[in-house]
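Undergrad: This is what each chain is made of:
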Amino acid sequence: MTAPTSAPPAPSGPLLLDMQHIQKAFAGVTALDNASLGVAAGEVHALIGQNGAGKSTMIKVLTGAYRRDGGSITFAGQPVDFASPLAAQRGGIATIYQEVNLVPLRTVAENIFLGREPRKWGLIQWPAMNAEAARLLTELGIQLDVKEPLGSFSTAIQQMVALARAVSINARLVIMDEPTSSLNEREVETLFGVIRGLKARGVSVIFVSHRLDELYAVCDRITVMRDGRTVYAGDMQGISRLQLVEQMLGREIKNAGAQTGFVKHKGSAGAKPLLGVGGVVRGTRLQGASVEVGEGEVVGLAGLLGSGRSELARVIFGADQPDAGELRFGGQPVQFRSPSDAIKAGLGFCSEDRKAEGIVPELSVRENLTLALLPRLSRAGVVDNRQQAEIVERFVASLGIKTSNPDQPIRELSGGNQQKVLLARWLAMNPKLLILDEPTRGIDVGAKAEIQRLIGELAQEGLGVLMISSELEELIEGCQHVTVLHDGKTVANLAGDEISEAQLLHAMAQGLEPEDMPRPPTPPQVRA
Amino acid sequence: MLSTNAKADRAKRTRLLSTLSQYGVLAALILLIVFGALRYTGFMSEYNFSTFLRYNAMFGLISLGMCFVIMTGGIDLSVGSVVAMSSVVAALLSPYGAFTALLGAVLAGALVGLLNGWIIARLGIQPFITTLATLLGARGLALLLARNQGGVGVDTSNTVFTWFGQGDLLRLPVPGVMMIVAFVLGAVALRATPFGRHALAIGGGEDASKLMGLNVGRIKLGVYVLSGALAGLAGLILASQLGAGQPTEGLGWELSAIASVVVGGTLLTGGTGSVWSTLVGAMLLGLIFNILNFENGKGIISLSPYWQSVIRGGFLLLVVVLQSRLARQKGRS
Numbered sequence: 192m193t194a195p196t197s198a199p200p201a202p203s204g205p206l207l208l209d210m211q212h213i214q215k216a217f218a219g220v221t222a223l224d225n226a227s228l229g230v231a232a233g234e235v236h237a238l239i240g241q242n243g244a245g246k247s248t249m250i251k252v253l254t255g256a257y258r259r260d261g262g263s264i265t266f267a268g269q270p271v272d273f274a275s276p277l278a279a280q281r282g283g284i285a286t287i288y289q290e291v292n293l294v295p296l297r298t299v300a301e302n303i304f305l306g307r308e309p310r311k312w313g314l315i316q317w318p319a320m321n322a323e324a325a326r327l328l329t330e331l332g333i334q335l336d337v338k339e340p341l342g343s344f345s346t347a348i349q350q351m352v353a354l355a356r357a358v359s360i361n362a363r364l365v366i367m368d369e370p371t372s373s374l375n376e377r378e379v380e381t382l383f384g385v386i387r388g389l390k391a392r393g394v395s396v397i398f399v400s401h402r403l404d405e406l407y408a409v410c411d412r413i414t415v416m417r418d419g420r421t422v423y424a425g426d427m428q429g430i431s432r433l434q435l436v437e438q439m440l441g442r443e444i445k446n447a448g449a450q451t452g453f454v455k456h457k458g459s460a461g462a463k464p465l466l467g468v469g470g471v472v473r474g475t476r477l478q479g480a481s482v483e484v485g486e487g488e489v490v491g492l493a494g495l496l497g498s499g500r501s502e503l504a505r506v507i508f509g510a511d512q513p514d515a516g517e518l519r520f521g522g523q524p525v526q527f528r529s530p531s532d533a534i535k536a537g538l539g540f541c542s543e544d545r546k547a548e549g550i551v552p553e554l555s556v557r558e559n560l561t562l563a564l565l566p567r568l569s570r571a572g573v574v575d576n577r578q579q580a581e582i583v584e585r586f587v588a589s590l591g592i593k594t595s596n597p598d599q600p601i602r603e604l605s606g607g608n609q610q611k612v613l614l615a616r617w618l619a620m621n622p623k624l625l626i627l628d629e630p631t632r633g634i635d636v637g638a639k640a641e642i643q644r645l646i647g648e649l650a651q652e653g654l655g656v657l658m659i660s661s662e663l664e665e666l667i668e669g670c671q672h673v674t675v676l677h678d679g680k681t682v683a684n685l686a687g688d689e690i691s692e693a694q695l696l697h698a699m700a701q702g703l704e705p706e707d708m709p710r711p712p713t714p715p716q717v718r719a
Numbered sequence: 382m383l384s385t386n387a388k389a390d391r392a393k394r395t396r397l398l399s400t401l402s403q404y405g406v407l408a409a410l411i412l413l414i415v416f417g418a419l420r421y422t423g424f425m426s427e428y429n430f431s432t433f434l435r436y437n438a439m440f441g442l443i444s445l446g447m448c449f450v451i452m453t454g455g456i457d458l459s460v461g462s463v464v465a466m467s468s469v470v471a472a473l474l475s476p477y478g479a480f481t482a483l484l485g486a487v488l489a490g491a492l493v494g495l496l497n498g499w500i501i502a503r504l505g506i507q508p509f510i511t512t513l514a515t516l517l518g519a520r521g522l523a524l525l526l527a528r529n530q531g532g533v534g535v536d537t538s539n540t541v542f543t544w545f546g547q548g549d550l551l552r553l554p555v556p557g558v559m560m561i562v563a564f565v566l567g568a569v570a571l572r573a574t575p576f577g578r579h580a581l582a583i584g585g586g587e588d589a590s591k592l593m594g595l596n597v598g599r600i601k602l603g604v605y606v607l608s609g610a611l612a613g614l615a616g617l618i619l620a621s622q623l624g625a626g627q628p629t630e631g632l633g634w635e636l637s638a639i640a641s642v643v644v645g646g647t648l649l650t651g652g653t654g655s656v657w658s659t660l661v662g663a664m665l666l667g668l669i670f671n672i673l674n675f676e677n678g679k680g681i682i683s684l685s686p687y688w689q690s691v692i693r694g695g696f697l698l699l700v701v702v703l704q705s706r707l708a709r710q711k712g713r714s
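Sequences listed follow chains A and B, in order. When we follow our numbering, the leftmost residue of the first sequence carries the number 192, and every step to the right adds one. When we follow our numbering, the leftmost residue of the second sequence carries the number 382, and every step to the right adds one.
So here's chain B without its partners, still in its complex pose (with noise of 0.2 Å):
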């Protein structure tokens, strides 16, 4: 029975190595923020959490709908730029309504995300090669929408535009609340709705999802547009911050939103997948910056702020190579 047994174990593991990572993950947050919290003034303040939540909400709002497309066992690299895109065109309709500006921010992500959804379920095509090609085409998208300039300027006028990245409703920032309130619902989806296990079923196996007689197309294409549509709400959150739409922020943030994913534990060959996991991954991943800045502001030290990325994707090197030698060693014990 070594096949089996074999199989059985491999399941196993996989299972214990998620729920390592999903309480490892939340033990290195907590002791981060122990950490910030006994070192440094402010760090605790009202100030800092609310403008912590404010920045990072964009990014745990991306992080969600690329947890929903890698469970698939795909990838949206298309992300970041769509950021980018819906924030030039959440400016450009700011003049027009905030309601206006917001529908349109995530509609057209959500259409970015269609076009992704439906090359890679109804052509075939893989996940990384069409929003590669997607992530060129929003980019551009943004900047011809610009029309070259650096950004566009947000009708200043319409207070609820600026509310929505800079407002607050119940003294909690309001992306805060978008991003809460957004991950309750994917935690639902995922938990309870046939989106969300099929979704989960497809990753962990396309053929047999097929001959189970679930619609895997429509599920796939359901994820792309999640995933485009959270980008477009992040979009309007980073127009409404900034005043303005910026073609050409948004670099790499995609990376960033694999990343929170992968941290928090979901295996990017799909079939598992944690909305809270990645929520606490995010976190972690913006909570480093916070805590470089904190270093800095003591002025011990001074590290450019460049050194964010490199910190980043050394801890998600880490992360990764402690995944895998974890799995090893189970493997051989």
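Same shape as in the complex, but just chain A (with noise of 0.2 Å):
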């Protein structure tokens, strides 16, 4: 497995957007590293990278969203510094989001000719700007009524009305960030004829996807991104999927072993049966998902980013309902209609998202601590303070958490220890299963080792844990089986010897070949 060298090969034309040695960090933290970006005209060019890779961060401060710290922008031969994506917008840049930015409630015309209405009079000419904007569909190869709300059509049909605004205000590239998360196979398929449309025209496309498929069907390039630095550029073609996949994950051969904190047990071959999750399906993230965990076992979930792993950790937290499969816990078949549900069952969930969902920042350690527990822990409504302390004094030794006193704010600590006041507000509640979304994901590695152990030792102690992971490593070396999951349907379990580096990578990219891409069964008209 050589991974193709970083060298990148010429494009083809010369560079329409070269971003070079592109420098930022945000307070200390390095998020961009000498990166480089470099899109032809009329080129589709891919950037892919992990969850914190740098890919947003790259897009941001190309559209003038971020300040760059360092580095040269080049676009169209003039080097150029943009203020605020507006004004990349006027310096033919468009960026079209995930969450189509446009006004739903308006019309399609509306919403392609906004701040740039024809006039006469100072009277929007509604017949001119209607047909104007049915043409500029046509010319995409779209017909509806463009009188009609922008709302009242699926998000494919949104994203090209924005295309249709981006081509006619003479965008020169157009950058799309994860079009086709939330599209079926005709509606990505209408996208895709749509962008070889706008690549005849010369305009230049960033496709920005965890689609591995999509990036063979429609890009010419591709630039790789691992740790805020460029890992790899190059031609589509010239990179087979599991060299892409091992760039991503940055994968070096090395000797396996001792690079985590595990201490991985043997786990007693009959593990009694905790959760059970079978066939999950849930609109057009799941398809399909299963995942077995026993008592006192640590169960790894792979995937990659966008395969849904967090969404199927939300189903079994009752955060999200399921459209279909079937629910376990502790042998009984069950139905959690809430996440207060699931604690009350005995579960725990970290989420990966440790400052949106975890941490209330303000508080101290000794009330996020105990956040979860206070109903236990008050009579008639007040909080045992004395029995409170006691919990926390105890939870703060056993898991080491490093804090000057209780009642110091946690976003002092640092993230390290912030989790472990985290996996120590689950601990306190007595769960039969935790799970973990990432849990040593931006922890240095001192306390990345040490929690590691920590939850080694909790299975050890009979705690069912499942945890996501990107590491493989921490896959390899902590999980007694991993289960792997890629558009949101299981594609392998694997356990003891087989939970390899070479496996995993098998598993993840494998689930790529054309025959096993599980897609919506009835795809909605597309009226294209």
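Hints in this document: simulated from the structure, not taken from any laboratory. In this text, all values refer to a predicted model and were calculated from it rather than measured experimentally.
Derived SDA-like pairs: lysine to any residue, alpha-carbon spacing no greater than 25 Å straight-line:
1. B:LYS591 to A:ARG281
2. B:LYS591 to A:ARG310
3. B:LYS591 to A:SER247
4. B:LYS591 to A:GLU369
5. A:LYS338 to B:THR650
Reassemble the complex: the two chains are provided individually, in unrelated frames, and hints are given to aid placement.
TA: Below is the structure:
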């Protein structure tokens, strides 16, 4: 498995966009480190990377949403420095976001012409505007009633209206951020048709997606980012799926073992089943996902970004309701209507986004730790302070939480210690099963090993752990089983010696072969 | 395609609802007129028509301004106080000529609107709080300008000034004519000018509008100035009708205006709006009071005027509850 060299082959035409040596840091944390991106005129360019690899930062630096700390951007032969996304748009770079940035309540024609409506004596010329909008859309191969409100059309159509708007304001580069994430197969095809049309007109496209098969279907060249750097740039056809996944995850073949803090216990062969999830379907994101966790087991949930890992976790925890599928917990079929049902049954869930969904930054360590426990700690609505203090003291000591005192605001703690407090919050509830979504992301190496060791120990004491992770070492060294998801479907269940880097990579990438492509069964009609 | 369909459904539902309530309110208005015509003698008289229009034109004017503000997702609570303040300004200026008074009253209202708009658009303060503050401020100014007396007398020798509120033009009451002209202009502005379309767009998605290069700040400033100016015009009419600037009048008028807009089917969340439905809503609310007066006149029941607010409030609640129930039912099917 030799990775292609990172020396990018020269693109066919002259570069329309050339970003070089881009540096960007947030509060001392490096987000982009000497990153580069080159896009030729009339080229569809894939930009991929795992979460936190720096794709979005790169795009935001380009469009002026962020100021860069260093490096140069050349667009259409001129050095540029856009002050805002609006300025970038005026300069010829349009961004089409996942959540379409148009006004759903207004008509299609208005959305295309908002801000530059054809006018006569100050009055908007509706017939001219509608005719022109219809003409623009027909050019993109779409026919619809432009007098209807935009919101009455599917996301796919809305995206294409956004494209029509971009083209009509003479955008030379269109950035599409995961445009296909909520589209069905037919809509994706229509979108690709439009993208090919743009290409024929000499418009360049930066295409951000996690669906590799789509990249191969529509992109000419590709840039892979990892840890804020550009690790690969080259022709799309010159790199295999497996090599792509390797580049994204940063596999440098090392001797296995001793990379994480996990001490893997053998796990009794017939662990008592704790959680059983079968054939979960929800929207387009989950298309038959299954996973089993036994008592005292650490089960890994692997898959590329967008494979449905977090979505599955939310369904298990009762935060989302599945359209189909069954859930068993402790041998009984269950249906959690809300997270509080799941918590009562003995589940805990540490979310991936610690800041947004976990900690309350201004509250103290003590309050954060006992937040979920408060109902049990209070009598007649009054918190039992002594009992609370005892619990906090116990967990601070047993998990080794480094804090000056329990009343210190949690925001002052390091990421690793914040994560420990969150772990303690759930452990204090005496759960039977803990779902951890990327438990060691954004935590420094030392604390990472400590948390990993802790997870292993907890499992040994009988706790079932379902761990979502993008780090292969963590999955290989920490888990008794690993379930691999792709496009919302379970594509592999690995156990024991099967859990190896090669097998995992193979499972993640193999799921991408066309015959395995799970797609929504009945796509609604695209009006195109 | 769950999310997409849901989104499309929601947009359709919103549209259906607004059309439904639009025609529903119009139907209610017509029914009420037919009811009144059949039940009360003198209901269809020119006198009643003229009196009705003379009084309710003021509510129509402030409702029109409110409609534009609500379309952008905002609210203007200051209009009632602004009516009172402008009425005092108009009365004070009446000795200096009718058009000076007209200009002064409208300008005074527009200034309060400018302040509202500036604070909301440039400083990013919530419209509710901002206009609540100017509600208090404008009321205080009205009392100050009136030197704490009950009212400021109008120069009665100024016949043109009196004509603004009490006169007729082509056999129509002048305030009614002003209102109709304002609504026609408002409808054109909403339908065919960038100002109107952009106001709607901002209410439908402010961030998106900003990204599309719309001057969100200027449009917002514009709707509050418009609302203030129309309230100022209503203040002029009030002073002319009462023959005095009344610093304590206009109490709670902002709520009547909001009710008219909402009853007309405009969503408080912004992004939709119809000028004509707002007019229908304002007339409907006025008519309820008119009918009540006639009912009292028949002498069978006797309802105190305070029932006016109770009934208006009840009616508003009814409409809002019906709207949300309709929405929920549509959601289920």
